[in-house]
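The listed protein sequences correspond, in order, to chains G and P. Everything in the first sequence is counted per the working numbering, starting at 1 for the first residue and increasing by one. Everything in the second sequence is counted per the working numbering, starting at 1 for the first residue and increasing by one.
In case anyone wonders, no lab produced these hints; they're calculated from the structure. Each residue gets a CB set at the ideal place from its N, CA and C atoms; glycine is no exception. Be a bit skeptical, because a hint or two may be false.
Not close to chain G: a few residues of chain P, all C-beta gaps over 12 angstroms, as computed [as the list claims (entries may be wrong)]:
1. PHE47
2. LYS54
3. GLY110
Calculated from the model, a selection of chain G residues having no Cβ within reach of chain P, i.e. all distances over 12 angstroms [claimed, not checked]:
4. ARG8
5. GLY16
6. LEU37
7. VAL88
Example chain G residues on the side facing chain P (calculated, C-beta under 8 angstroms, incomplete) [stated by the list, open to error]:
8. THR20
9. ARG61
10. GLY75
11. GLN77
12. GLY84
13. VAL126
Now for the letters of each chain:
There are 2 protein chains.
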Amino acid sequence: MKLPENVRAMIDAGAGAHLTTLNADGSPQVTVIWVALDGDEIIAGHFNDWQKLKNVRRDPRVALSFITPELSEIGMQEYVVLYGEGRVEEGGAPELLNRLAELYLIPDSGFPPPDMPPGYILRIDVNRITGVGGWKDSD
Amino acid sequence: MKLPENVRAMIDAGAGAHLTTLNADGSPQVTVIWVALDGDEIIAGHFNDWQKLKNVRRDPRVALSFITPELSEIGMQEYVVLYGEGRVEEGGAPELLNRLAELYLIPDSGFPPPDMPPGYILRIDVNRITGVGGWKDSD
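With the hints as constraints, model all of the structure from the sequences given.
In structure tokens:
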């Protein structure tokens, strides 16, 4: 689906995304990942074939949740949850993680180190958005 | 399980918890909730019989994930994920949410309003902890 502008802006600002995937026994698996936009898809880079990537290959259903900087008038923390389907592509991790390290880490962090393997890109096609705050009904 | 002291301190400080439950079709459902400690269990209060509570009654497997205030030396955001089993008890929501509103909201927020229904308490017994930072191996 087309992502709302406020979701796009949040991702461009470098929000940490809680990624939920499903283990083989159906239980949830959660990690916090760096994400970026690629058109209307959300992408993440991984040097290793982590459990979350194996999970997505078996069952593509994922959730990405973010606590946003916004507070309601009474101080209620707003958040957004993106539901979608993931797929895993080979290669591309160093380029993406080099770019995202500038956003998520201190300057000249030294991460990622040179000569890392091509790794994997996780691509997520969002099909439903929920949350608390101005997310649900945004265009 | 017995919760590590650093996890207990984080929860006492009022960290927003991303709660993942499992829908009837096995897909993940995520909301951000307020949590508190009750001994070694984690509790949350709900005025309504939300989908997440229905989910827990059907399948108790849940995950709670938190981004913590800590950053690594290079600025990597630390996080912790608690896996466990949930169960839903009737009543007790107003007392718990009154207490947590002082932690999570501005002073005199007016939330929760008086005369709310007894609602539900979600209790989570943690059986596994993962994350990035000083969480995994803490005592």
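inquiry  = Which constraints among the numbered hints does this structure fail? Numbers only, ascending.
reply    = 3, 5, 12 and 13
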